[in-house]
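Peer 1: What follows is each chain in one-letter form.
2 protein chains.
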Amino acid sequence: MLDALFRPKSVAVIGASTKELSIGNRIVKNLIEFGFKGSIYPISLKADEILGIKAYQSILDVPSDVDVVHMVIPSKFVPQAIDECGDKGVKFVILNGGGFAEVGPEGAAIQEDCLAKAKKHGIRIFGPNCQGIINTDPDVRAYCNFTFTRPDPGSISMVALSGGVAETIHQAFSEMGIGTRMYASNGNACDITIPEILSYYGDDDGTRVILLYVEGLRDPEMFLEVAREVAAKKPILAMKAGRTEEGAKAAASHTGGLAKEDLATDLIFEKTGILSFKDEVELCQAAVAFSSQPIPTGNRVGMITNTGGPAVIATDVLVNAGLKIPPLSEKAEMILREKLFPEATVGNPIDVLATAGGEQFRAALDVVMEEDQINSVYLNFVTPFFVDAESIAREIVEVNNQKRKPIICNLMTDKRQWAGTVEILKAGGVPNFSFPSTAAKVLTALTNYNEIRTREIGEARTFKDANREKAEVILQKALETGREFISTAEVYEILNAYRIPVADWRIAADAAEAVSAATEINFPVVVKADSESIIHKSDVGGVAVDLRDSDSVRSVVEEMEKRLTAEELKFLIQKYLPGGKELIIGAKAEEGLGHIVMFGMGGIYVEIMKDVSYKLTPVTTVEAQEMISSLQAAPLLKGVRGEKGIYEDGIIEIIQRLSQMVSECPVIEELDLNPVIAYEDQVFVVDARISVADSS
Amino acid sequence: MLDALFRPKSVAVIGASTKELSIGNRIVKNLIEFGFKGSIYPISLKADEILGIKAYQSILDVPSDVDVVHMVIPSKFVPQAIDECGDKGVKFVILNGGGFAEVGPEGAAIQEDCLAKAKKHGIRIFGPNCQGIINTDPDVRAYCNFTFTRPDPGSISMVALSGGVAETIHQAFSEMGIGTRMYASNGNACDITIPEILSYYGDDDGTRVILLYVEGLRDPEMFLEVAREVAAKKPILAMKAGRTEEGAKAAASHTGGLAKEDLATDLIFEKTGILSFKDEVELCQAAVAFSSQPIPTGNRVGMITNTGGPAVIATDVLVNAGLKIPPLSEKAEMILREKLFPEATVGNPIDVLATAGGEQFRAALDVVMEEDQINSVYLNFVTPFFVDAESIAREIVEVNNQKRKPIICNLMTDKRQWAGTVEILKAGGVPNFSFPSTAAKVLTALTNYNEIRTREIGEARTFKDANREKAEVILQKALETGREFISTAEVYEILNAYRIPVADWRIAADAAEAVSAATEINFPVVVKADSESIIHKSDVGGVAVDLRDSDSVRSVVEEMEKRLTAEELKFLIQKYLPGGKELIIGAKAEEGLGHIVMFGMGGIYVEIMKDVSYKLTPVTTVEAQEMISSLQAAPLLKGVRGEKGIYEDGIIEIIQRLSQMVSECPVIEELDLNPVIAYEDQVFVVDARISVADSS
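These protein sequence lines are chains A and B, in that order. Going by the numbering used here, the first sequence wraps up at 698, each residue one higher than the last. Going by the numbering used here, the second sequence wraps up at 698, each residue one higher than the last.
Hints are not guaranteed to be accurate.
One copy or two, either will do: identical chains are not told apart, so a pair holds if it fits within one copy or between any two.
[To be verified] Below, computed lysine-lysine pairings styled on DSS-like, alpha-carbon distance capped at 27 Å:
| hint | residue 1 | residue 2 |
| --- | --- | --- |
| 1 | LYS479 | LYS530 |
| 2 | LYS572 | LYS56 |
| 3 | LYS479 | LYS539 |
| 4 | LYS326 | LYS612 |
| 5 | LYS539 | LYS646 |
| 6 | LYS640 | LYS577 |
| 7 | LYS612 | LYS280 |
| 8 | LYS612 | LYS640 |
Everything labelled a hint here was simulated from the structure, so no lab data went into it. All values derive from a computational prediction rather than experimental measurement.
Whenever a hint applies, use it, and build me the whole structure from the sequences.
Peer 2: Spelled out as structure tokens, the structure:
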């Protein structure tokens, strides 16, 4: 779909200029200097020729077809120019200039107008308020962009709305001497979206890894679908900024977009298999390794070093991130003792010593490549003046070319004096960094990606015994009568419909009915005042627990009848369940995304300790297990100090039934099962709340 | 004391060589090429001249005094050479070579021998197994070191045992174009220690900031004392590696040293006012800013940007770190509206727009410098080709030269095309980095340092009513009888001596005494079996709680008498205290450091949630308050959901009395007050354990 944008045969620039420091001049210049393989058509009312290329008065005068048109003219002139492009049969328009949605309502109206006109003509718009695209493919060489850093060809493709961040990343690669495949920064993104670009990168054979920066997801549903498909083909490394309230505000202001909540983006990244970064420096550095190295098949690192301290730092970083530095096999140690210097440390890390040359490094590399229990190689390479650093570098490159296990190198050198060594590693595709922690973090990212890639979350269960219709009738009734919250009895009916176990209960209209309900249920019981007009029962004294006989039930109900003036007051009589562990399970609708399901322990754990886990619907069995085991308080649920654990399978089933319920009943805005009481072999919902909203 | 080492008038090299890639050649070459201002004396048995300088057969032949001697000879020859240096009156010997303690017992014996000989002659040893020192002072220019990166003069002085890490840092500064003042990497550090070097840097006027890397502290007491003194004069930025078990092992192997526990190092850094880093990259980047920028007087940042996305990222980092980006004053906004482009965003961040030139940047800078509520400036500076980036850089430098508030710049540019702009900022002392998060983290470090510097922890209280002698008598008796744990009754006596409130208690020999004790105390009571041979009372069924009458007490005691076969079995009768919050307060001796005091909530909080705080003795009032407020569960102690908080002043006093006790009684190895029961207005120790060890 975006082929003519990223691989244009011809590019016109409306607003091209002879003025040296203008964008209309720069884009023409960039296309020429980057060696664009197609035709360039400057469009200018003033000039006959721009930078040696014939200019035309109008796009309509261009003698051949035009794939891409840049517009570098004031926004008010853009709609008409789009009409002309339509007449010309142009496929893509890149709107580099500002003056659109990002400046307020007036600009937004122009943007709308442009979009409407473009749709009419079948033109796709890239931008506005954007930098454009770059494609380094030697057959294309399209620098449709007014930035200033010219990338080498490479296999990393990148997309970011923000031009500033795109440029930061771009320059980082340039400084690291790493190439780029494609580049897209689409600013206001009024038409062509990030998911479309991701999808295009996914199909591009020259793209090995995709780098994504977002400040929010405009269409999370579409993003989820596309990202899942693309992430199955190649690694997507992503960062979401605007995570703090202040950051989100800053994000909202600069591209006229809306920053969505953090949590949802994180869950989407997790669900689709995107490797998420919180730091743009680590994002860029990791991309370098992904562009050349194989993915390790496990988390066990072989470390080779010719200096002590940096190995200590790297070990800390790797071990803290959950990677292992396992002992070597006896056979490996035997080989190393034979081939390394006598004072070398034979173990893992292997300290080949500062005096080691190519031969010793090679021996160590060969050994770790052969070790079955080692999945990746971390290398500390300091270049003492008394060794032949270039021969070491050549050995590293030779082993790297075998592509058996990833090699990440911390190269400690003066890059001016050891330019030859740096060049050998670079040309040989060995990612090298200047700090041990940097190299260790990069190796961690590769390893984490393997975990993401091999994680089988399975399919969500569909419980056939669920009665969706029954639930829908109740919810629909609530919607039709304009209620936000539905009554406890109704909530219990819905839970019942989905076979989510609720502590035994009855509804009673008065004291006599309450007593006979309590007798049926068996004492002790709880009495709760139930009325649509009472939302927080405890706050109004509408709950009495641990009632052990008929007299207590009767007097409690009579007292509440006198005191509470709610409409249609009824009483919920429920089995009282002492002991057990209190849990909270909830769900909250996220626009365009289904629901976020949450799990935590009741009382202080959620509120004070912030010990909560989340997943996006539909929640699979594996994910439900993760929700439990990822809590810091998980040992309490599994059983500590001789205590028995809770009925985990029961919890997992409730989470999944709840996931099915909110997926099938999207009008559920918020649902709280609080508390759920869990025992060793049983689990019951004891109180619950549901609010509804018409999302259609 | 180290003046002749860091400012030598003459340097000799024993083992100097004409062989180009030998260390004995390199050191002479480094001295020459770095422009050493003193005399160089190569000592060689083979050559008459090395690199154009007259060589001598023996150090004794050198015609003048010698301050520093490098020895680049096999370790077995070193002791004799030291004797010769002694005869010559040499002040310092740098032992660059290996073959000492790091290779095992044989080498360790040589190292001991060297040290003994040096002491006899009044010679100080630097190393062995080390790189040496560098001093860039234009009057000195001492490159007494065999590394390969030549630093520019600067104001950062650095010390690290590890040569590899010292070199990594060194090269990082070189790559960033930042100068160094002094450099010391002392390897095995058998004589001259890190505290001595720190102290020297502290007194050096040319050193503005000290950078320290350690893998463990050999003599924590000395370190504490010196670091406190030096940190009061200038910033010390430090990193401790070997934090994981695996990392500590790696650290122990490479310099023959011992990596001490993490926690103690962190507490020492905190106590002495050292700014601690967990990442060597951030350490180096922060040092750059400390070397040129003033320390901000608060945490409120003014952000100036000419691009959107990078401001979002920086905002996230700053806000997450606790910094504020406050609104501007009305006056400031008025000025900005007048001086910036109409489309600019007037607020904080101030978006001057990509089209902003020097004038607009200057206006924004002047405004934030004038704003009283702003303490520091974060700058995003992307260099679009259509603006005069150099004039912007010049304006930034001019404002920077006012030294009113720190300025940290994220410079997004192609450093080759915009070399002039980079050079202007560099020459003007404006720290600039290539990523928004990097610049934001650096600004955070400056801000955190201000907090450390201005934090008043006060003096520890000394409670005059404490009866030290009484405690010492009990502890001494335990030591003399070879016991590790002392009995509960004795523990309570000691707590009593320090007026730490214990729930009312009596000792009873039998059931009858127990009943009368319980009657005195008032029911309900707890009965605990008490004998030196019972350490874990609960585990052997030696505790019965909530006994409400004489009969219960009698039958419990009689049953325990029958069942427990402990020696000299007695019974501790204690007031039973239901309700209240369970706390744990403890202390543990740290060799050479006094004690580490810990505080947490009882039950799952410490064990499962790992919610614990620590301080080093002596604990001041401010520190005790921090121990409480830094817990994640602190809100529970302060009171949530209408609950009353606990008696915080009582807890603070117990922590401080305990701190005084363990400081005055260093034989206390470990002490646990567990639980301490806290109410709204009272607090009592309910159980306690003390173990002793003869540390003399």
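Peer 1: Could you tell me which of the numbered hints above are not met by this structure, giving the numbers in increasing order?
Peer 2: Of the numbered hints given earlier, the structure breaks just one, which is hint 2.
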